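Residue numbers (my numbering), protein chains in the order written: chain A, 88 to 303; chain B, 21 to 488.
Careful: at least some of the hints might be erroneous.
[To be verified] Simulated DEER-style distance windows between Cβ atoms:
1) S144/B with A124/A: 31 to 37 Å
2) H251/A with R425/B: 29 to 35 Å
3) G435/B with I212/A: 43 to 49 Å
Just so you know, the hints here were simulated from the structure itself, not pulled from any lab data.
Owing to the predicted nature of the structure, the values given are computational and were not obtained by experimental measurement.
Virtual Cβ for every residue (Gly too), placed ideally from N, Cα, C.
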Amino acid sequence: MSLLEFARGPAIHASLIILAAGIVMRLVGVLMLTRGADLSRPRDAFGNFKGYRTVFSRAWPSDEFTTVTRYQTVVAYLFHLATLGVVVLIVPHIEFIASLTGLSWPGVPNWIGVALGTIALASLIALIMRRLGKPAVYNSTVGDYVTWVIVALPLLTGLMAFAHVGFRYETMLALHILSAALLFAYMPFSKLMHAFWFVFSRAQSGVAYAHKGVRI
Amino acid sequence: MSAQIEPVAGPAPIFPTFEQVFQGFANQIGMLREMAPPPTMPDERRLARAIDTLIEETNADEAVWLESCIHCGQCTTACHYFQATNEAKYAPMRKMDLYRKVYRREISPMRWWFRLVTSPVKLSEFEEAQELVYDSCSECGRCTMVCPMGIDTASLVHHMRSAMVAAELIPPELAALRMEQKQAGTVFGSSAEALKKMVGIIRDQAGVDIPLDKDKADVMVLSSAVDLVGNGNGLLATAKVMNHLGVDWTIRSDGFESANFGLLSGDMALWKQQADPIVEAARKVGAKTLVIAECGHAYPALRWNPMLRSGGLPFEMMYMSEYLGKQAKAGRLHLTPLEGKITYHDPCKTGRRGGAFDEPRAVLAAMDADFVELPANKEYNWCCGGGAGIFLLERATRLRDESFRIKLRQVNETGAEGVVVSCASCRLNFEAGRQKNHWDKQVYSLVELVADHLIDDDSTAAAAGAQS
Chain A
88 MSLLEFARGP
98 AIHASLIILA
108 AGIVMRLVGV
118 LMLTRGADLS
128 RPRDAFGNFK
138 GYRTVFSRAW
148 PSDEFTTVTR
158 YQTVVAYLFH
168 LATLGVVVLI
178 VPHIEFIASL
188 TGLSWPGVPN
198 WIGVALGTIA
208 LASLIALIMR
218 RLGKPAVYNS
228 TVGDYVTWVI
238 VALPLLTGLM
248 AFAHVGFRYE
258 TMLALHILSA
268 ALLFAYMPFS
278 KLMHAFWFVF
288 SRAQSGVAYA
298 HKGVRI
Chain B
21 MSAQIEPVAG
31 PAPIFPTFEQ
41 VFQGFANQIG
51 MLREMAPPPT
61 MPDERRLARA
71 IDTLIEETNA
81 DEAVWLESCI
91 HCGQCTTACH
101 YFQATNEAKY
111 APMRKMDLYR
121 KVYRREISPM
131 RWWFRLVTSP
141 VKLSEFEEAQ
151 ELVYDSCSEC
161 GRCTMVCPMG
171 IDTASLVHHM
181 RSAMVAAELI
191 PPELAALRME
201 QKQAGTVFGS
211 SAEALKKMVG
221 IIRDQAGVDI
231 PLDKDKADVM
241 VLSSAVDLVG
251 NGNGLLATAK
261 VMNHLGVDWT
271 IRSDGFESAN
281 FGLLSGDMAL
291 WKQQADPIVE
301 AARKVGAKTL
311 VIAECGHAYP
321 ALRWNPMLRS
331 GGLPFEMMYM
341 SEYLGKQAKA
351 GRLHLTPLEG
361 KITYHDPCKT
371 GRRGGAFDEP
381 RAVLAAMDAD
391 FVELPANKEY
401 NWCCGGGAGI
411 FLLERATRLR
421 DESFRIKLRQ
431 VNETGAEGVV
441 VSCASCRLNF
451 EAGRQKNHWD
461 KQVYSLVELV
471 ADHLIDDDST
481 AAAAGAQS
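The following block holds chain A by itself, in its conformation from the complex (with noise of 0.2 Å):
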């Protein structure tokens, strides 16, 4: 079995195994916790669920906030959509998809391909670069490092195999499938899990302080 053959056998479908049973363990894990109840009287008897509005509006800074996030928000949405397009645009990630659940729908040329991967990772390198130019306000852990080159990984060695720079053509696939499988792999036990995590701890805050009458 060569390089090439492992990562696109065993090694993409074990991590994506791992990243399915991860993140149902983590998420029932923490979910299945009793829920504690708050008894005091709600501000007004049906305003809870206006709570859950919180979930969408915080996908934006408001106001009061917006210049002193601007950089972190820009560079993050940048990041995340270019990442995406990433993910589901190009054609090659298509077929991949494809082979295992049938589903297909048409790609992007080439060159918008490697505009969407260059984006990400520059978005990713300025992201870490404001992370290291600032400690105090990042309060970095390992983790925080470690989840950034395991992100990286996939968007460099997908644009090195395809503009044929580093090692020969198949092993530069190769890598970057395996680099896509730890990914996978890594995902549930990180802070990637914010993926899941944003939905449910802004909901509860939404909804906590809807309680009392406030819009967060």
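Using the hints, position chain B against chain A.
Showing chain B alone in chain A's frame:
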């Protein structure tokens, strides 16, 4: 003092000015440090109790919040203590690091892993965290407003305070007051006798009646240690306003204290010991409304405490500013106009974490005040830096003083001549800041301002009527 806003002419002052009250309190607070009880349990026991407390208090909400932080750093922009110092340790997210460590090792679905890769929690870690959850977090909740995950750090800090109580790691001033309230039921000696004495002074010297210990009343009003031990004007003003409204009201000597050092220290058993008699007294007198004195944390201690089933109570609980605002909106407060430009500071506990925004503003509107909002107001208001007991902590003086400058700048930016607050802690902290910075602004309590502007006799009523 060149106050632009003159109170309506009245009799000579009976009680000291708030400036003098503040000085008196500063001396009393100094004595607290010597009275703090030393730890009594062995270290292992203190540590085990702290960890057990966190395990017990961690529900799905706390777990999700602890899981959600991505260290994006945005909370630092919202925190007055971080903004004032730029010191890494005061970043709001750091205040839950130890809680997260305990959570990961004891509760998280990944605990088998974290027990392998992290070292056991030590008592020294709780000792180090003491400054983060007491001195440098007023549980104001402003960081929640910016957090992209919406993490409610203030709630997590409160659980940490409970763990600190279990570990006998309460800062000395809070520990002394907690002990006093636990053993004697008083705060700074504000006993039922002190209340009776104060009611007597107000009746004899100001000629204002306070219906103490009525068997039945529609409205039961609370007082606070600040009123009874220092600022008699607070209780006097409350009485004037309640009498002006002509409601059937009382103050009960068996449930009058708003201050709750159980809540402030994190000792929820003491919280209950204080809250229960108040609820019981209000039930006994058949109150329809319980009015909480201008004592910010009493609002979450009573009205919003998640452990107090207030939906089932036969009375409504309101903060003083809320009660006054409802009266103003109903046209029952007849007030002379307020001269000069004024702004309003939302105390964290009644504003962002309480939702009483409109009512204090309605009171100022009833005085035809030239009212201007702070640049950051309501949900976004900056904490004054003195909340959640921090005003009492001597070693937090630098944090308080530095962070108060934010408030000072915000008020200055409005161009107002005075700032109205509706919380004794905020007011004491504003007074400290005013004196230290030789600040040219006036600081007012909402209820005292209302009392000073009541139209009680026919001549002032006619004069005000002619004006409008």
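Return the numbers of the hints above that this structure violates; sort them in rising order.
Violated: hint 2 alone.
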